[in-house]
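K.L.:
Sequence:
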Amino acid sequence: MSQPLAPIKYLQWDGTSCAGRPLAVRAALSQIRQAVRQPNTVVDSLQIHTVTDRTGAELQVIYVHWASGFWSNAGDLTEIYEVPAAVLRDFARASTYPLTVTV
Numbered sequence: 001m002s003q004p005l006a007p008i009k010y011l012q013w014d015g016t017s018c019a020g021r022p023l024a025v026r027a028a029l030s031q032i033r034q035a036v037r038q039p040n041t042v043v044d045s046l047q048i049h050t051v052t053d054r055t056g057a058e059l060q061v062i063y064v065h066w067a068s069g070f071w072s073n074a075g076d077l078t079e080i081y082e083v084p085a086a087v088l089r090d091f092a093r094a095s096t097y098p099l100t101v102t103v
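If you read the sequence shown in our numbering, its first letter stands for residue 1, the second for the next number, and so on.
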């Protein structure tokens with residue numbers, strides 16, 4: 001199995017899961033930063049984990065649980081991002097976009 005070349009975002013709302021979809025690195029980082037900047041009344045939980053995939057490649061898994069009632073069309077919303085660390089490093093080298101990864 002090859003390493004994903006782009007971040008993948010998974011959604012779960014009100015018990016319904018959505019298949020993962022690839023995102024551009026810039027879009028994934030923007031969405032994660034948006035969640036980080038929210039007060040505790042908006043984001044119940046935000047966790048960042050460093051893991052390895054089946055090939056041993058480093059992967060950042062970011063878990064965001066939004067507070068119930070924040071989104072008008074979903075009572076319970078969870079976002080999970082899988083971001084290959086190599087993709088983050090390549091993006092940081094090639095871009096002037098500010099990048100900070102907290103583990």
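Treat the hints as calculated values from the structure; they're not laboratory data. No residue lacks a Cβ here, since even glycine has one placed at the ideal position from N, Cα and C. Where hints are given, some of them may not hold.
[Unchecked claim] Across the chosen pairs, the derived CB separations fall in these ranges:
id, residue 1, residue 2, range
1, Glu58, Tyr10, 32 to 38 Å
2, Ser72, Ser17, 16 to 22 Å
3, Leu5, Gln34, 32 to 38 Å
4, Asn73, Asp53, 15 to 21 Å
5, Gly75, Ala6, 28 to 34 Å
6, Ala27, Thr50, 18 to 24 Å
K.L.:
A separate judgement is required for each hint: does it hold in the structure or not?
P.N.:
Okay, the hints, checked on the actual structure:
| no. | hint | in the structure |
| --- | --- | --- |
| 1 | Glu58 - Tyr10: 32 to 38 Å | 19 Å, violated |
| 2 | Ser72 - Ser17: 16 to 22 Å | 20 Å, holds |
| 3 | Leu5 - Gln34: 32 to 38 Å | 23 Å, violated |
| 4 | Asn73 - Asp53: 15 to 21 Å | 33 Å, violated |
| 5 | Gly75 - Ala6: 28 to 34 Å | 30 Å, holds |
| 6 | Ala27 - Thr50: 18 to 24 Å | 21 Å, holds |
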